[in-house]
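Put chain B on the given structure of chain A with help from the hints.
Those sequence lines, one after another, are chains A and B. Residues in the first sequence are numbered consecutively from 1, following the numbering used here. Residues in the second sequence are numbered consecutively from 1, following the numbering used here.
In short, the hints are calculated from the structure, not lab data. Just so you know, these numbers come straight off a predicted model, no measurement behind them. The reader is advised that the hints may include incorrect statements.
[Stated by the list, open to error] As a list, the in silico DSSO-like pairs of lysine-lysine whose alpha-carbon atoms are at most 27 Å apart: (1) A:K90 x B:K266; (2) A:K31 x B:K266; (3) A:K97 x B:K90; (4) A:K18 x A:K33; (5) A:K18 x B:K90; (6) B:K7 x A:K106; (7) B:K7 x A:K90; (8) B:K90 x A:K177; (9) B:K7 x A:K131; (10) A:K33 x B:K266; (11) A:K134 x A:K206; (12) B:K266 x A:K177; (13) B:K266 x A:K97; (14) B:K90 x A:K90; (15) A:K106 x B:K90; (16) A:K134 x B:K7; (17) B:K266 x A:K41; (18) A:K135 x B:K7; (19) B:K7 x A:K97; (20) B:K266 x A:K18; (21) A:K177 x B:K7; (22) A:K149 x B:K7.
[To be verified] Per label pair, the in silico range of CB-to-CB distance: (23) B:A149 x A:H92: 42 to 48 Å; (24) A:K90 x B:W176: 18 to 24 Å; (25) A:A219 x B:W176: 37 to 43 Å; (26) A:Y13 x B:F12: 33 to 39 Å; (27) B:F186 x A:R7: 43 to 49 Å.
Glycine included, every Cβ here is placed at the ideal spot set by N, Cα and C.
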Amino acid sequence: MPIVSARELTKHYQVADKAPGLIGTLKHFLKRKYRTIEAVKGISFEIEPGEVVGFLGPNGAGKTTALKVLTGLVHPTAGQVEVLGYTPFKRHRDFLKQITLVMGQKQQLIWDLPAMDSLRINAAVYDIPQKEFKKRLGELREMLSLDEKELTQPVRKLSLGQRMKAEFMAAMLHQPKVLFLDEPTLGLDVNAQTAVRDFLRGYNEKHQAAILLTSHYMADITALCQRVLLIHEGKLMYDGSLNRLVDQFSPFREVKLELAAEVSSEQLKSFGEVEWVEGRMARLIIRREELTATIGRLLDQLEVKDLTITDPPIEEIISRIFSKGTVD
Amino acid sequence: MSGTARKARALFSAYYAYMLEYRAEILLWAISNILPLIMMGIWMQVSSKPGFDGPSAVEFARYFLAVFIIRQFTVVWVIWEFEVQVVEGKLSPFLLQPMDPVWRFLAGHIAERVTRLPFSIGFIILFFVLYPKALYHQDQFWSIGIADAAIVILMVTMTFLVRFTMQYTFAMLAFWVERASAIERFWWIPYLFLSGLVAPLDVFPQGVKTFAYCTPFPYLLYYPAAVLIHGYENVDISFTQAVGVLGAWGVGFFLLNRWLWRLGLKHYSAMGA
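Next comes chain A alone, as it looks inside the complex:
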């Protein structure tokens, strides 16, 4: 039974349009013009308990708006949404106790106080008994590799990575069953990103929590998500496994060559698109359906010392799909 279900989820909102300059300002003052933004256009999907789903889309695609509807922060314009059997916007107490939303750019910790003060408030707000609070605190600290001292110094004095970890502690203290994560690794360095990913993987395995994650870092998606939802201009373009997406929508393979002797770009042209040539090293882009035949020709015609075939980077595939605007 799905833990998250969206049927024909639609969200429109209005924004005031104003032309620049004095005339624009006066016109705006006298007669305000509104424009309707169709942020989400009838998307449907379901998420099972324990599933980790990546929510991908370019800026303005409607990812964050959809998350806001799923968490109950905003009301949908049309369609039906159910999370844990509740209608999110009704903000039922039992529903709120089982979900969390982590936004990379927003914080719930009180800025001028140590994180521990905010954590104590959360423990009281979520009715976590004192003994259980201490136990969970220890577990989360261990999973996030956070020092006790980092929780007793003002939040404003923490580094971005430490702060994000403390935010995760505050967001996970009540052990939510559904996690909505909006760019949780935004701005973090590589080590901190890895720590957050490891934490999420560990939390998912331990608590069988469903995770819906948006991120512009494909490393987050490839490390955590078996399934992805692709949203573009408010519409759901793809719902399926990441591997299938790569297989289906990447018609090219990258072939890296190490040759016995130096070759020119001209010599390699007949095998495929030449990305670069440097001495005995070269990289070619070859259409998938021509791959076997081309490799055969390469081995026949050139003295190949080493050969590697890889998929193009996932970022490239996704970007190609979004610029095309379709997965067909």
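Relative to the frame of chain A, chain B by itself:
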């Protein structure tokens, strides 16, 4: 400890720690609240003019000191805080918790009051040192009976809660407009004149007083201040009237607040988040 008591304790201790971080700012806020003391100087001058048939200089001094004290305990700023949280999307994390965000705002106000208390006491002592007549005049100390003290404490608590409810109700407009705090600035005008902040209602014409008594304003300042200096039996407003009228306004604003809250959440777009 019950869940509610634990929440109250956790919120109060965190926000008290927060307010202590800003103790210097709170001291400045307490000092900046000196309008009653300015009015005191003006009215004491007026009272010394020949032909003035109103309260004496000492009565004015006591009245405006009482106003100053009451205002120290009833200052409310929730509309500015709420407005920023809505406009910048900072309200969102708190909306996702199983507790109404109003309790955080309320805890902040109560914690600020406790932080401000030593400063307020310091000001009162300083005032009596500078103007001892206010404390001891014509062989008599300014004394307050138990019943009067109880009424003042009750009215000050009620004043704070009603002012908070009123301002929090105006704050709900932040769901629709970016500058809801402008409403509070407008509301300040009738408050300024009808609450007794610029002059005790005793000096107003009867018609104005009758009108004012139908509004919540005189009960927010004038009534508790008058009880503090004259005693409840010598004030032209009865305790029942004060509690009844202020309570009715409080309940009215509370119901309006809950209605606007529900409508506002429907309209909320979680901007900036």
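Hint by hint, here is what the structure shows:
no., hint, in the structure
1, A:K90 x B:K266, "holds, 10 Å"
2, A:K31 x B:K266, "holds, 26 Å"
3, A:K97 x B:K90, "holds, 19 Å"
4, A:K18 x A:K33, "holds, 7 Å"
5, A:K18 x B:K90, "holds, 26 Å"
6, B:K7 x A:K106, "holds, 23 Å"
7, B:K7 x A:K90, "holds, 23 Å"
8, B:K90 x A:K177, "holds, 23 Å"
9, B:K7 x A:K131, "holds, 16 Å"
10, A:K33 x B:K266, "holds, 22 Å"
11, A:K134 x A:K206, "holds, 18 Å"
12, B:K266 x A:K177, "holds, 25 Å"
13, B:K266 x A:K97, "holds, 21 Å"
14, B:K90 x A:K90, "holds, 20 Å"
15, A:K106 x B:K90, "holds, 7 Å"
16, A:K134 x B:K7, "holds, 17 Å"
17, B:K266 x A:K41, "holds, 19 Å"
18, A:K135 x B:K7, "holds, 19 Å"
19, B:K7 x A:K97, "holds, 15 Å"
20, B:K266 x A:K18, "holds, 25 Å"
21, A:K177 x B:K7, "holds, 23 Å"
22, A:K149 x B:K7, "holds, 24 Å"
23, B:A149 x A:H92: 42 to 48 Å, "holds, 45 Å"
24, A:K90 x B:W176: 18 to 24 Å, "holds, 21 Å"
25, A:A219 x B:W176: 37 to 43 Å, "holds, 41 Å"
26, A:Y13 x B:F12: 33 to 39 Å, "holds, 38 Å"
27, B:F186 x A:R7: 43 to 49 Å, "holds, 45 Å"
Against the hints set out earlier in the document, no violation occurs for any number.
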